[in-house]
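Be aware that the sequence shown starts at 1, since it is given in our numbering, and climbs by one per residue.
Please note that a few of the clues may not be correct.
Calculated cross-link-like contacts (lysine-lysine; reagent style DSSO-like; alpha-carbon spacing at most 27 Å) [to be verified]: (1) K32 x K63; (2) K14 x K32; (3) K59 x K14; (4) K63 x K14; (5) K32 x K59.
No lab work stands behind these hints, which were simulated from the structure alone.
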Amino acid sequence: MVDDGEGSGVDGDKVYYAVSTGGVMQYGPWQKVSGVRSASQVRVSVQPVFEEGRENYIKFRAKDLAGNGYAESRDYNVWVDSRGPRFLDFRPYEGEVQATGRVVVSIEIDDGEGSGIDVESVEYRVSTRGRGLYGGWERAEVVRVSETRVRVEVELELEEGDMNYVQFHATDMVGNYGESREYQVIVNRAPVVLLESPEDGGVYYTDERIEFDASGTYDPDGDELRLEWYSDIMGFINEGEYFRAVLPEGVHRIALVVNDEGHMVTREVEIRVVERGEVDPRAVDTDGDGMYDEWEERYGLDPRFSDGYLDPDHDGFVNLQEYWNGTDPMDSLSHPPRVVLAGEEEVGEERGNYYTLVTVIFLVVGLMVLAGGLIYWRWRKREVEEEIGSEIEILKDEMEYRRISGKLEK
1 MVDDGEGSGV DGDKVYYAVS TGGVMQYGPW QKVSGVRSAS QVRVSVQPVF
51 EEGRENYIKF RAKDLAGNGY AESRDYNVWV DSRGPRFLDF RPYEGEVQAT
101 GRVVVSIEID DGEGSGIDVE SVEYRVSTRG RGLYGGWERA EVVRVSETRV
151 RVEVELELEE GDMNYVQFHA TDMVGNYGES REYQVIVNRA PVVLLESPED
201 GGVYYTDERI EFDASGTYDP DGDELRLEWY SDIMGFINEG EYFRAVLPEG
251 VHRIALVVND EGHMVTREVE IRVVERGEVD PRAVDTDGDG MYDEWEERYG
301 LDPRFSDGYL DPDHDGFVNL QEYWNGTDPM DSLSHPPRVV LAGEEEVGEE
351 RGNYYTLVTV IFLVVGLMVL AGGLIYWRWR KREVEEEIGS EIEILKDEME
401 YRRISGKLEK
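Given only the sequences and the hints, what does the whole structure look like? Please build it.
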C-alpha cells in the first residue's frame, strides 16, 4: 500500500519496485509498476522472480502528484522455501563391509536456507531382502545440528550379505517433503568351506601322507581367509588350503577352522589311521550294516549310519540288495532284476524279454517237478503192489502147508 495521507495523492505513473536475490546490497534496476491509478492511497501488486532461500528482498518508491521527490520504502525480506529436505553424509560408506549384523547408521538432513526440519516427521524404514521389500516407517530420534539441519543415528539388526537397505524421509516446517535414496549396507558373510579331503570315515595307514584339501573354500566378500587344521589327538596339524601330512595311529577327529576376521567356520571329519596290514581300508564296515564304507561313500550313503534296509531311490530295492547286485542305490534306473507280477505293466522290450524268460523257466521247472512227482508215485505204487503180492504168496504157502499137514495127521 502506498499512502500520501493528506497530500496531493500518489502519482500512478511514478510507482516503481526493485528486487534483490542476493541481499540488500544487490538490487537490480527499478521497474515501473503498470496499471496503477493515481489516488491518495494505492495498492501495488507485482510478480517478481525470487530464488530459493532467505536472501530475497524487494523495495518500492513513488512520487506524489505535487512533484515532490521519490519516497522509498524499507527493504522487505522474502523467504522462498519450495524444496524438500536434502539427505547428506550417510554412514557407513556404501561398499564398506560391516563385521556384524548390528550396524549403527547415521545421516544428516538439511533444509538449506529453508524453514528448517520438522523433527516429528523424520522416519526410516529397513529391508533385509533387497530393494522395495521394506517394513513400515519408524520414528527416528534426531539431534539438531543447526537451525535447518538435524542428524539421525539408528542401530539396526541386519542380515549377512548385500540385501540390506535403509531409507529416510522428512518434511520441513512449511510441509515440503523429502525422501532419501535407498542406502545399501553390506554385512560380512561367512566363508564357504569345502573340505574335500580327508573323507569322513576314511581309513588311512600310519606311513601314508594323507591329503588335506580345502582348496575350494572361498569368501563371498573376497576377504582374506586363514585355514587351520587340528586333530583331537595331536593338536595343531598345519595351516593352508592344501598339504599332505602323516598322522599317528588312532581315530582322529579332524577340525578345519576357517577365519575371515569376522567369522570363524569349523568343519569336522573323523578318520581312522592304522598300521599297514592291520586292515584293508576298503573292507571296513563302520556301522555294521553289511555294506563296506568305501561302497557307501562312493554312492553318497552314510558309512556311520546303518541304512542297509533303506531305499533312497525308491526303486523297490533296499541298499543291501543294490550292494549285493552291484547297482547304484541312488539311481532308480539302476537296480537288481525284478520279477513282473500278474497285472504289472512291462517297461521296455529288453525288460519284457527278460520277464518272459523268467516265466518260461518257472513253467519248465514246475513241469519237471510235476513229472518227477508222477514218476515217483507210479514207482512207489508198483513197489507197494509187489510187497503185497509177496505177502499173499507167503500166506498161500502157509495155508497149503497147514492143509497137507492136516491130511498127514489123519
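The hints, checked one at a time:
1. Between K32 and K63 the alpha-carbon distance is near 12 Å, which keeps this suggested pair within the 27 Å criterion.
2. Note on K14 and K32: the hinted pairing holds, with a Cα-Cα distance of about 7 Å set against a maximum of 27 Å.
3. Among the hinted pairs, K59 with K14 is consistent with the structure: their alpha-carbon atoms are about 14 Å apart, no more than 27 Å.
4. Distance restraint check for K63 and K14: the Cα-Cα separation of roughly 6 Å lies within the 27 Å cut-off, and the hinted pair is therefore satisfied.
5. For the given pair, K32 sits about 12 Å from K59 by alpha-carbon distance, which is consistent with the 27 Å threshold.
Comparing the model with each numbered hint stated earlier shows that all of them hold.
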